[in-house]
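Could you build the full structure based on these sequences and the hints that come with them?
If you use my numbering, the sequence shown corresponds to residues 1 to 279, in order.
Calculated directly from the structure, the hints in this document are not laboratory data. Do not rely on the hints blindly, as some may be mistaken.
[As the list claims (entries may be wrong)] Distance ranges between label pairs, derived from CB positions:
#1 D25 with M219: 27 to 35 Å
#2 A86 with E171: 13 to 21 Å
#3 A80 with Y135: 43 to 51 Å
#4 R83 with D246: 19 to 27 Å
#5 D44 with P119: 15 to 23 Å
Glycine included, every Cβ here is placed at the ideal spot set by N, Cα and C.
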Amino acid sequence: MRDLARHPELLSINTATVRERWRLDEAIDGIARAGIRGIAPWRDQVAAIGLERAARMIRDAGLTVTGHCRGGMFPAGDAAQRRRIAEDNRRAVDEAAALGAQCLVLVVGGLPEGSRDLPGARAQVKDGIAELLPYAQDAGIPLAIEPLHPMYAADRSCVNTLGQANDLCAELGAGTGVAVDVYHVWWDPRIEAEIARAGEAGRLLALHVCDWLVPTRDMLLDRGMMGDGVADIRRLRGLAEAAGYDGMIEVEIFSAGNWWRRPPEEVLAVCAERFASVC
Numbered sequence: 001m002r003d004l005a006r007h008p009e010l011l012s013i014n015t016a017t018v019r020e021r022w023r024l025d026e027a028i029d030g031i032a033r034a035g036i037r038g039i040a041p042w043r044d045q046v047a048a049i050g051l052e053r054a055a056r057m058i059r060d061a062g063l064t065v066t067g068h069c070r071g072g073m074f075p076a077g078d079a080a081q082r083r084r085i086a087e088d089n090r091r092a093v094d095e096a097a098a099l100g101a102q103c104l105v106l107v108v109g110g111l112p113e114g115s116r117d118l119p120g121a122r123a124q125v126k127d128g129i130a131e132l133l134p135y136a137q138d139a140g141i142p143l144a145i146e147p148l149h150p151m152y153a154a155d156r157s158c159v160n161t162l163g164q165a166n167d168l169c170a171e172l173g174a175g176t177g178v179a180v181d182v183y184h185v186w187w188d189p190r191i192e193a194e195i196a197r198a199g200e201a202g203r204l205l206a207l208h209v210c211d212w213l214v215p216t217r218d219m220l221l222d223r224g225m226m227g228d229g230v231a232d233i234r235r236l237r238g239l240a241e242a243a244g245y246d247g248m249i250e251v252e253i254f255s256a257g258n259w260w261r262r263p264p265e266e267v268l269a270v271c272a273e274r275f276a277s278v279c
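Laid out in structure tokens, this is it:
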């Protein structure tokens with residue numbers, strides 16, 4: 001397993017971690033000043049400063065774009081909405097290509113409004129990715145399916161285990177892979193086998209880290225800094241690396257009550273320290 005204390009260049013920051021205090025241009029500058037070499041921007045942040053400017057600033061700062069957040073949200077209540085979603089996902093692919101992103105992260109979406117048809121939503125996810133895939137392949141952008149914790153099945157993602165994500169990739173084929181986020185999969189009793197399965201197929205596209213707090217006070221906005229919770233981050237990273245993952249490791253923390261309130265420079269310094277000592 002890689003010694004992260006000796007390889008700080010492997011750290012990437014998902015800009016959600018500092019989004020409440022910094023615009024994207026400020027985050028690019030701040031991350032580069034901190035000596036961090038990777039970044040993963042969000043689409044709304046890119047739009048706020050303009051795609052061309054964002055791409056130029058990231059290139060000039062010498063940062064690697066470990067992922068673009070996010071595409072997906074495929075399930076819809078009618079055909080017109082599905083067409084709008086498909087168009088938006090193609091724009092997300094275009095943005096990822098312009099930014100030089102290593103992948104487009106897919107948060108696939110949950111139940112359409114008023115629906116209780118979870119199998120139907122999952123079928124729409126498969127169909128939506130299948131429709132997007134040729135466009136992404138032409139652009140050279142891998143699609144990274146990110147399974148989310150089951151508490152998000154209704155509203156954010158009906159793909160809730162790495163096994164489900166692996167099954168989708170196996171059906172859809174080349175150009176698809178998985179983003180493994182410790183926050184969402186640390187609890188999964190099949191995680192060892194499914195990480196190995198993803199690695200064997202060459203599907204491990206991204207590795208995201210933060211921690212699971214006890215208690216977790218908000219389903220979305222109370223993620224922990226690495227080392228502050230109960231997830232065995234180092235074990236999961238070891239599983240990923242044993243399965244062939246050799247990419248950067250992305251810190252993604254949504255923390256309305258704690259880390260978003262702190263000066264971003266402090267947050268980045270703690271991220272770097274915990275990356276070296278905990279991850």
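Status of each hint after checking the structure:
At roughly 30 Å, the beta-carbon separation of D25 and M219 lies within the given 27 to 35 Å, and the hint holds. A hinted range of 13 to 21 Å holds for the C-beta pair A86 and E171, which are about 19 Å apart. For the hinted restraint 43 to 51 Å between A80 and Y135, the CB-CB distance of approximately 20 Å leaves it violated. Separation of R83 from D246 is about 39 Å and departs from the stated range, judged on CB atoms against 19 to 27 Å.
Between D44 and P119 the CB atoms are about 31 Å apart, so this pair departs from the stated range of 15 to 23 Å.
Hints 3, 4, 5 from the earlier list are contradicted by this structure; the remaining hints agree with it.
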